[in-house]
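Read in order, the letters of the sequence shown correspond to residues 1 to 378 in the working numbering.
Keep in mind that the hints are not guaranteed to be accurate.
Straight-line Cα separation of at most 30 Å, DSBU-like style, residue types lysine-lysine; simulated pairs [said to hold, decoys possible]:
# : residue 1 : residue 2
1 : K266      : K29
2 : K266      : K93
3 : K61       : K306
4 : K172      : K97
5 : K172      : K306
6 : K61       : K266
7 : K375      : K45
Each pair of labels, with its calculated beta carbon distance range [claimed, not checked]:
#  : residue 1 : residue 2 : range
8  : S269      : Y19       : 23 to 29 Å
9  : S16       : A124      : 32 to 38 Å
10 : K93       : G227      : 14 to 20 Å
11 : A32       : Q350      : 24 to 30 Å
12 : A359      : V11       : 50 to 56 Å
13 : Y19       : W220      : 18 to 24 Å
What the hints contain is simulated information worked out from the structure, not anything from laboratory work. Being a predicted model, the structure only gives us computed values, none of them experimental. The beta carbon of each residue, even a glycine, is placed where N, CA and C say it ideally should be.
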Amino acid sequence: YTEKTGVPVTVLTAASGTYDQTLTAEMDKDAAPTMFQVGNAGAVKTWGEYCYDLTNTDVMKEMTTDAFNLKNEAGETVSIGYCYEAFGIIVNKALLKQAGYELTDITNFETLKKVADDIHARSAELGFDAFSSAGLDGSSSWRFSGHLANMPLFYEFRDDGVTSQPATITGKYLENYKNIWDLYTTDSATTGAALVSATGDQSEAEFGEGKAVFYQNGSWEYAALTGEKFGMNADDLAMIPIYCGVEGEEQAGLCCGTENCWAVNKYASEEDIKATLDFMKWVVTSEEGTTMMAEQFGPIPFKSAKTPENVFFAQANDYTAKGNYVVTWAFNYTPAVDDWRAAVVDALTQYTTGNGDWATVESAFVDGWASQYAKENA
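Start from the sequences, fold in the hints, and give me the full structure.
Here you go:
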């Protein structure tokens with residue numbers, strides 16, 4: 001960039017796990033950073049007063065969605081999400097075709113269930129099942145207490161216009177959570193008590209070795225599935241939204257989120273602020289910038305984005321470009337996240353093994369949220 005424009009750019013990289021300390025130290029200096037990361041609600045609380053309002057800046061006008069941007073209480077955009085990860089239901093299109101279906105046959109929960117039920121019923125003859133195991137071992141359970149739990153949270157928060165951590169939740173979409181959980185744990189070769197000890201590696205292997213058509217996970221799985229270990233063909237892979245029976249879900253995209261967000265220091269000189277905004281725009285519009293972003297960061301929510309090699313990323317971009325709504329990471333608001341999730345896993349385990357009813361799960365979700373919030377904010 002300096003070669004092209006003559007504008008000097010200094011980049012300081014903090015050692016792993018020391019970003020906050022490094023930023024705090026650097027902000028005290030005369031030549032404080034003009035651009036820095038503000039990636040979540042906690043960071044907005046800490047650094048919001050230093051953030052320049054990015055609303056209507058040229059770089060923000062290049063964005064395809066504002067779903068990843070963070071705002072302060074005054075509604076100003078304090079940081080913009082520049083890359084993201086996605087999760088959903090990973091599909092083996094080759095097996096799906098072998099079973100007599102195409103991706104276009106699945107557009108909502110009803111059609112997903114119809115296809116999965118049929119594959120499961122014919123699993124002996126087909127040689128594969130619908131879903132890989134929904135293991136409740138710690139190496140796998142985060143997919144359901146975190147990622148799957150995002151579905152009822154997202155829809156509830158969308159209805160209620162939630163933009164900061166709520167003290168309580170109603171669980172109004174927990175029936176939808178039950179829909180998809182029941183499907184995962186019925187239309188699979190692994191059911192009931194066997195799920196208690198089923199691991200993340202086991203589920204990945206079932207999918208990677210062609211024993212299941214569907215596997216809930218994220219864009220980070222691409223390398224493992226297409227690499228040496230499983231050697232899957234990238235053209236056979238797709239990711240579809242997690243459908244759970246909510247009205248209008250035909251318009252859903254993937255579950256996308258990030259903590260990678262750029263902020264600009266409003267206390268920098270006007271000249272430095274302008275130079276920083278010019279640099280940001282160049283990164284997301286120029287040939288060199290967008291190529292680097294696609295190779296090193298994956299999908300970026302900007303109009304000039306290059307298609308990343310990772311098909312899951314390419315699909316996430318595709319859904320957004322078509323105007324499907326982004327299912328954002330509502331679980332970022334979870335209070336005492338580890339404790340809350342552990343209680344949800346316990347309840348799911350009781351329910352799935354027949355030692356508890358669905359009300360146990362509802363209580364872990366709703367009452368658990370209120371009590372963890374109260375503890376955390378005592």
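Subject >> Pairwise beta carbon distance, Y19 to W220, judged against the given window 18 to 24 Å >> reply: Given range 18 to 24 Å: holds, Cβ gap about 20 Å.
Original post:
That 14 to 20 Å hint for K93 and G227 (C-beta), does it hold up?
Top reply: Cβ of K93 to Cβ of G227: about 19 Å, so the range 14 to 20 Å holds.
Original post:
Going straight from one Cα to the other, do K266 and K29 come out at no more than 30 Å?
Top reply: holds, 15 Å
Subject >> Pairwise hint evaluation, K266 against K61, where the allowed Cα distance is 30 Å at most >> reply: Given pair K61, K266 holds - Cα atoms ~19 Å apart, limit 30 Å.
**OP:** Take a quick look at whether K172 and K97 sit within 30 Å of each other, Cα to Cα.
**Re:** Distance of about 36 Å is beyond 30 Å: violated.
Subject >> Supplied distance hint 32 to 38 Å, evaluated on CB atoms of S16 and A124 >> reply: violated, 49 Å
Subject >> Distance restraint between K61 and K306, which requires alpha-carbon spacing of 30 Å or less >> reply: Roughly 17 Å between the alpha carbons, so the hint for K61 and K306 holds.
Original post:
Are the Cα atoms of K266 and K93 separated by 30 Å or less?
Top reply: Cα-Cα ~49 Å, so violated.
**OP:** Quickly compare the C-alpha distance for K172 and K306 to 30 Å and report which way the hint goes.
**Re:** Measuring from Cα to Cα gives roughly 39 Å; hence the hint is violated.
Subject >> Pairwise beta carbon distance, A32 to Q350, judged against the given window 24 to 30 Å >> reply: violated, 52 Å
**OP:** With 23 to 29 Å as the target window, see if S269 and Y19 comply at their CB atoms.
**Re:** 24 Å Cβ-Cβ, so the 23 to 29 Å window holds.
Subject >> Restraint check for K375 with K45, where alpha carbons must lie at most 30 Å apart >> reply: holds, 20 Å
Violation of the numbered hints given earlier is confined to hints 2, 4, 5, 9, 11; the remaining hints are satisfied by the structure.
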